[in-house]
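Peer 1: Spelled out from the first residue to the last, the chains are:
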Amino acid sequence: MVELATDLTVREVARAAETVLGRSVQVTPETDIARDLAVDSLALMNIVMELEDRFDLSIPLDRLATVQTVGDLSDLINKLRVKA
Amino acid sequence: MSLLDKHLGYRAPLDGIRAAGADPSSVRFDAVLSPTEGVLGGKNVILLGTNNYLGLTFDEACIEASAKAVREWGTGTTGSRFANGTFSGHTALETALAKFYGRKHAMVFTTGYQANLGGISGLVGRGDHLILDADSHASIYDAAKLSGAEVIRFRHNDPEDLAKRLRRMGDAAKGSLIVVEGIYSMIGDVAPLKEMVAIKKEAGAYLLVDEAHSMGVLGEKGRGLAEAAGVEDDVDFIVGTFSKSLGAVGGFLVSNEENFDLLRIVSRPYMFTASLPPAVIASTLTALDRLETDKGLRVRLAANADRLYDGLRDMGYAVGPHASPITAVVMPDQATAVMMWNALLANGVYLNLAIPPATPENKSLLRSSVSAAHTPEQIDTVLDIFERLGLEYGLLQRSRRASA
Numbered sequence: 000m001v002e003l004a005t006d007l008t009v010r011e012v013a014r015a016a017e018t019v020l021g022r023s024v025q026v027t028p029e030t031d032i033a034r035d036l037a038v039d040s041l042a043l044m045n046i047v048m049e050l051e052d053r054f055d056l057s058i059p060l061d062r063l064a065t066v067q068t069v070g071d072l073s074d075l076i077n078k079l080r081v082k083a
Numbered sequence: 000m001s002l003l004d005k006h007l008g009y010r011a012p013l014d015g016i017r018a019a020g021a022d023p024s025s026v027r028f029d030a031v032l033s034p035t036e037g038v039l040g041g042k043n044v045i046l047l048g049t050n051n052y053l054g055l056t057f058d059e060a061c062i063e064a065s066a067k068a069v070r071e072w073g074t075g076t077t078g079s080r081f082a083n084g085t086f087s088g089h090t091a092l093e094t095a096l097a098k099f100y101g102r103k104h105a106m107v108f109t110t111g112y113q114a115n116l117g118g119i120s121g122l123v124g125r126g127d128h129l130i131l132d133a134d135s136h137a138s139i140y141d142a143a144k145l146s147g148a149e150v151i152r153f154r155h156n157d158p159e160d161l162a163k164r165l166r167r168m169g170d171a172a173k174g175s176l177i178v179v180e181g182i183y184s185m186i187g188d189v190a191p192l193k194e195m196v197a198i199k200k201e202a203g204a205y206l207l208v209d210e211a212h213s214m215g216v217l218g219e220k221g222r223g224l225a226e227a228a229g230v231e232d233d234v235d236f237i238v239g240t241f242s243k244s245l246g247a248v249g250g251f252l253v254s255n256e257e258n259f260d261l262l263r264i265v266s267r268p269y270m271f272t273a274s275l276p277p278a279v280i281a282s283t284l285t286a287l288d289r290l291e292t293d294k295g296l297r298v299r300l301a302a303n304a305d306r307l308y309d310g311l312r313d314m315g316y317a318v319g320p321h322a323s324p325i326t327a328v329v330m331p332d333q334a335t336a337v338m339m340w341n342a343l344l345a346n347g348v349y350l351n352l353a354i355p356p357a358t359p360e361n362k363s364l365l366r367s368s369v370s371a372a373h374t375p376e377q378i379d380t381v382l383d384i385f386e387r388l389g390l391e392y393g394l395l396q397r398s399r400r401a402s403a
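Same order as they appear, the protein sequences are chains A and B. Quick note, the first sequence lines up with residues 0 to 83 if you use numbering that gives the first Met the number 0. Quick note, the second sequence lines up with residues 0 to 403 if you use numbering that gives the first Met the number 0.
Quick caveat, the hints were computed from the structure, so don't treat them as lab data. Keep in mind that the hints are not guaranteed to be accurate.
Said to hold, decoys possible - To give a feel for the contact side, a few chain B residues facing chain A, derived at Cβ under 7 Å:
hint: 1; residue: I151
hint: 2; residue: R152
hint: 3; residue: R166
hint: 4; residue: M168
hint: 5; residue: P356
Said to hold, decoys possible - Each computed EDC-like pair below joins lysine to aspartate or glutamate, with the alpha-carbon atoms no more than 20 Å apart:
hint: 6; chain 1: B; residue 1: K144; chain 2: A; residue 2: D39
hint: 7; chain 1: B; residue 1: K173; chain 2: A; residue 2: D55
hint: 8; chain 1: A; residue 1: K82; chain 2: B; residue 2: D170
hint: 9; chain 1: B; residue 1: K98; chain 2: B; residue 2: D233
hint: 10; chain 1: B; residue 1: K163; chain 2: A; residue 2: D55
hint: 11; chain 1: B; residue 1: K220; chain 2: B; residue 2: D293
hint: 12; chain 1: B; residue 1: K103; chain 2: B; residue 2: D235
It should be emphasised that the depicted structure is a prediction, and the values quoted were computed from it without experimental measurement. Just so it is clear, CB atoms sit at the ideal spot from N, CA and C, and this is done for glycine as well.
If we strip away everything but chain A, and leave its shape as in the complex, we get (with noise of 0.2 Å):
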């Protein structure tokens, strides 16, 4: 089950830097955010913001602090989706 979630969350960070870059994307949870996709700063955070919206949740930037990898950032929504 844990990892089902894992699996839809990283599907939909996909579709977010895709909404957010306009072109598609590769990813796996190993996936660099910022090295392999060649997110910065900016559309990192833009991205966040899409999925708060199809998440329908808070994600904190100061939390970004941790996320290097597509993984560390789906793992940081389902926790939140924990909490929430």
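Got chain A sorted already, so can you dock chain B onto it with the hints?
Peer 2: Chain B alone, transformed into the frame defined by chain A:
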């Protein structure tokens, strides 16, 4: 391996701009002749990108006050207010600002950047919630980082989106701090403050408005957007700067909040930096007086803003949603923006090249700011050059005169 290797991603874009013939970050003026004219590479240029909204940088009274202060008080304070003491000018300026805004308290910072950094990080900290417009100035984002608060962004100038995000926060929305800007510095658009005030009141949040680009520009008395929108009583904090309409450098925070004086000992960007030199304080005080007493400045500024905005829009350039002292012309791409910026400069017009990531929606912009000191003839000269170059580079379809 060097510590700077991590920044090498910026190498190619920077070299690309330099290869195009000029580098905006290394423009060097040989001389500045007036608020609206400078000399670049031995050539006179019209200054159309200096945020010198009221044109007070060469105001005689401001210059005299500044010269008098430097003779009487010396060139600098050589330290912070906390360590080295306050000069009478600092207090006089804080009193004048509080009176101008009709607030109980004011504090002055050494730069506008530090006013946001020190003001916001003094107001919110760990465990607090800070709600920012997505297009906020870098100083607001940096303040957010320094504060340690939980930061949520809402879509630019979108009250419904703000309301949605506050609802999502539940109980945490109460007591959170919402930060917006009066006029946004890149496009010149204005926050829908009335709607945002209604949302802020419903949520029980605080509201801070950064009037950096709107002080001296908007409102009957020049107090900015909060005054123009008629919502001053519901704006809890106002931040502003001395480096735009007041023609110097520095920033401020005003409020009616109780225990405001505590900010002076908890705000690190206030405490641990040298205070403004007496000459800057003196010219700023005089400029504030000019702003308050000479309404003609705002009338001329608005007329110039309309003249430039209408002219560019009527030619067919893509500009912002409404006239404002800041007019940004949207270029189709970065290469065209760099080319036009260079061509404008070569033809005697200096304005700002604004490229991603410093711009909204990754647009490449030619950003201009007009001054009350521009003559209508100067604005017309700029428009003629814009039209000629636009036709030459295929950015405009036909001559404005031909279509008239």
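Peer 1: Please list, smallest to largest, the hint numbers that this structure does not respect.
Peer 2: Those not satisfied come down to hint 3.
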